[in-house]
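So the sequence lines, in the order shown, correspond to chains A and B.
FYI, in my numbering the residues of the first sequence are 127 to 411.
FYI, in my numbering the residues of the second sequence are 161 to 471.
If you are wondering where the hints come from, they were derived from the structure by calculation, not from laboratory data.
Quick caveat, the model's predicted, so the values are computed rather than measured.
We put the beta carbon where it would ideally sit given N, CA and C, even for glycine.
Some clues are possibly wrong.
Stated by the list, open to error - Away from chain B, derived, C-beta distances all over 10 Å, residues of chain A:
#1 Asp140
#2 Ser193
#3 Gly233
#4 Gly234
#5 Gly238
#6 Glu289
#7 Ser303
#8 Val324
#9 Gln325
#10 Ala333
#11 Glu384
Said to hold, decoys possible - Pairwise CB distance ranges, derived in the manner of DEER restraints:
#12 A:His302 x B:Glu336: 57 to 67 Å
#13 B:Pro205 x A:Val409: 38 to 48 Å
#14 B:Ala391 x A:His302: 37 to 47 Å
#15 B:Gly454 x A:Glu294: 37 to 47 Å
#16 B:Glu373 x A:Val324: 39 to 49 Å
#17 A:Phe321 x B:Glu246: 28 to 38 Å
#18 B:Arg207 x A:Gly273: 54 to 64 Å
#19 B:Asn372 x A:Gly233: 31 to 41 Å
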Amino acid sequence: MKGPPTALLGMSHDIAMLEERARRCRVDIVRMVHRAQAGHPGGSLSEIDLLVALYGTVLNVRPNEPSWPDRDRFVLSKGHASPGMYALLADFGFISHEDLTTYRVKGGVCQGHVDMKWCPGVDFSAGSLGMGLSFGLGCALAARLDGSQRKAWVMMGDGEVQEGSVWEAAMAAHHHSVGNLKAIVDVNGIQNDDFCEVQMQLNDLAATWASFGWSVTTVDGHNMADIVEALAKVDAVNDRPAVLLASTVKGKGVSYMENNPAFHGAAPNDDQFETAMVELGEVAA
Amino acid sequence: MSGMAATRDGYGKALLELAEDDRVVVLEADLGKSTKSQLFRKAHPERTISCGIGEQNMLLTAAGLAASGYVPFASTFAIFTERAFEQMRNGVARPGLRVHLCGSHGGTHTGTDGSSAQSIEDLAIYRTLPGVTVMHPADEVSTRLLTKQLVDHPSPSYTRTARNKTPLLYEGREDEVIIGKGIVHSEGADVGIVACGVMVSKALEAAEALANEGIHATVVDMHTIKPLDGALIDAIVERCGCLVTAEDHSVIGGLGGAVAEHLAANTPAPLERVGVPDRFGESAEAEEMLEIMGLTVQDVANAAKRAMARR
Ligand SMILES: Cc1ncc(C[n+]2csc(CCOP(=O)(O)OP(=O)(O)O)c2C)c(N)n1
Ligand SMILES: [Mg+2]
C-alpha cells in the first residue's frame, strides 16, 4: 500500500515538471475561488511555487497514506491561503480534483481555512495567524523525542509574522536547538487591508530572524530552480532552526491580481476568470 | 422591516459620527476593511492607530490611551479579540479602563470562512469579566446608536457585530435603543422569546408563525447581555411563565446562560435555549449555518412550544 515518498517523484529535480505542476495548481486556485466567489487567491498564488518545490523535492510524505506517522509535517500557518494547499494536495494525489469543488461548500473536505479534521494531508487546523510555528515546534520536538529524523516545515505570511507569538516560538526553537524545524516566510509585501509597509513595517526580516539565532536563507520565490536549491540548503541545516525568506508577488501569474491588495481576499468575476485562464495558459486567447 | 444592512456598517458609521469628539481614537489590527473602522481611518488617519496583525498589542495600547484620557475604540474579528482575552481581563477590565472592543464577524452566520473564524464563545467569555458591558445588537441602526452611547459609558465594553446583512428593525424607533434596556417587540402572554443579534429577526418571524397557530409571544431584543435587563426578564416570567433564548452563540454562557442564571437566582421558570449546541462550526453559507446549528425560525418556534409544555 505504501507509495514512494513524494520527494522521490521530483528526484531528478525536473524544473520544467515542477513549473508545470505549479501552473496547473494556479489554474485550480483561481477556479476554486471563482467557483466559491470567496476566498484568498493572492496569498495562494504567491506561495504555490514554494509549496510545489517543497512537496516535489524535499518532504517525505505519502499521498496514499496521508497519516503515515513518520511523515515530515507541513503546517500551512497562513491557513487562509488554503486554495494553494488544496490545489497542491490534489496535484500530488492526496485528494481528488473532485474534492476541489467542495471549497467553502457545506460538508466539503476543502473548508475555508485548512483543517486537519476535514482534509487528508493537512497537518494543522489553521485560520488564526501566528499559531503554526509553535505547533511546528511541538511536532519537531516530538520527532526528537521519538528518535525520528522527520522534520516540520511551517509556511507563514509576512503579515503573519507581526504576531508576537511567532517570536515566542522563534526564540524557543533556538533555545532548544531544534534543527528539524524549518520555516518559510512568503514575503509578498501585502497583508489584509493594505501593503505591509502601510500596516506595520517589517524592517529587516533577515536580520531579525538571524538575531533570534536562526539560519537565514533568501530566495526569489518564483524561480523554481533557485527555490529547489534554497530548500535543499535549508533542509540540510541541522544544528539550529532555519528559515527561508522568499520574495514573492502576491497574486503571481494573474496580471490584475499581482501586487494588488484588493485580491488578498476577493474572488474574480466571470470576465476576470476568463482572463486568468488565458494568462495561465489554460485556454487559448 | 425595511431593508437589510450589516451591523458592522453601523459600527463604522458610529465611529465616523463620534469623530467630532477629539478624545475618540480608533485602533485596528489589519481588519479595518472588514470591521468597518476604515471609514474612520480614511477620514481621520491621524487618530487611527494601525497595530499590524497584533491583537494583544492592540488591546494594551488601547488601555494606555484610555488611561491617558482618550476614548479608544478597537476592533478585529470577534474570534481574534479572543487572542487578547487576558489583556482585556488584566490590562483593561481589572483597572476599569474605558476601552471599547468590537468583535465583528461573530457567530456561525459568518459563513464559509469556517470554524476558525466563527466565534461562538465571545459573549460568554467577556461576560465573565467584572464591570465589562457586553452587547450584541440586531440591526445596523441599533449598532450605530449603541456604539455612539459608548463614548460616555462608564465602563469598558465588548460589542459583537456580524458580517452579513440582517433586517433593519429600528428606523423610527431610535429612542428605544439604550444600553442595558431590552427592546420589546410584542407582548403576547404565552411565551417569551429573548434574542440577540441575527436571531432577533428570526424570533420575530417565529412569533408570526406561532401567532398563526394561536400562540402569542413576547419578543425581546436583548442587545445588552451584560448588565442583563433583569427587570424585563422578571416581567416576561410574570406575564408568560416560560422563556426561550435565541442566539448565534454557544448555548453555554451567552444570552441563554445569562438568562438561566437570572432565573435560577430570582423566579425560576422553564427556559429553552436555542443556540449553537456545544460544537464548532464549519464552512457553509450563512443561512445554511443556521440550519446546521438548529437556529432557524422553525427551531425557535419549536422551542417555544417545548417551553410552554414545561410550564
Ligand atoms: C490572529 C489573526 N488575526 C487576523 C486574521 C485575519 N487575517 C486573515 S489573512 C490576514 C492577512 C495576512 O497577511 P499575510 O500573513 O501577509 O498573508 P498573505 O499575504 O500570504 O496572504 C489577516 C489579517 C487572522 N486570520 N488571524
Ligand atoms: Mg503577505
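Hint-by-hint comparison with the structure:
Every CB of chain B is more than 10 Å from the CB of aspartate 140 of chain A (nearest about 36 Å), matching its label as outside the interface. Listed as outside the interface, serine 193 of chain A is consistent with that label: its C-beta sits roughly 21 Å from the nearest C-beta of chain B, beyond the 10 Å cut-off. Some Cβ of chain B comes within 10 Å of the Cβ of glycine 233 of chain A; the nearest lies about 8 Å off, and the non-interface call is violated. Not every C-beta of chain B lies more than 10 Å from that of glycine 234 of chain A, the closest at about 7 Å, which undercuts listing it as non-interface.
Consistency note on glycine 238 of chain A: stated as away from chain B, yet its beta-carbon is not over 10 Å from all of that chain's, at 4 Å minimum. Not every CB of chain B lies more than 10 Å from the CB of glutamate 289 of chain A, the least distance being 6 Å, so the non-interface label is violated. With a least CB separation of 28 Å from chain B, serine 303 of chain A remains clear of the 10 Å interface cut-off, as annotated. Its beta-carbon lying about 7 Å from the closest one in chain B, valine 324 of chain A breaks the requirement of being farther than 10 Å from that chain.
With a cut of 10 Å on Cβ distances, glutamine 325 of chain A falls inside the contact zone with chain B, its closest approach being about 5 Å. Distance to chain B confirms alanine 333 of chain A as a non-interface residue, since its nearest Cβ pair spans about 18 Å, more than 10 Å. With a least beta-carbon separation of about 20 Å from chain B, glutamate 384 of chain A lies farther than 10 Å from that chain, consistent with its non-interface assignment. For histidine 302 of chain A and glutamate 336 of chain B, the hinted distance range of 57 to 67 Å is satisfied, since their beta carbons lie about 59 Å from each other.
Between proline 205 of chain B and valine 409 of chain A the beta carbon distance is about 43 Å. The supplied range of 38 to 48 Å therefore holds. For the pair alanine 391 of chain B and histidine 302 of chain A, the beta carbons lie near 57 Å from each other, so the given range of 37 to 47 Å is not met. Taken as a hint, the range 37 to 47 Å holds for the pair glycine 454 of chain B and glutamate 294 of chain A, whose Cβ atoms sit roughly 39 Å apart. In this structure, glutamate 373 of chain B and valine 324 of chain A break the distance hint of 39 to 49 Å, their C-beta atoms being roughly 57 Å apart.
Separation of phenylalanine 321 of chain A from glutamate 246 of chain B is about 31 Å and conforms to the stated range, judged on CB atoms against 28 to 38 Å. Distance hint check: the CB atoms of arginine 207 of chain B and glycine 273 of chain A are about 57 Å apart, consistent with the given range 54 to 64 Å. For asparagine 372 of chain B paired with glycine 233 of chain A, a C-beta distance near 33 Å keeps the hint of 31 to 41 Å intact.
Checked against the numbered hints listed earlier, the structure breaks hints 3, 4, 5, 6, 8, 9, 14, 16; every other hint is satisfied.
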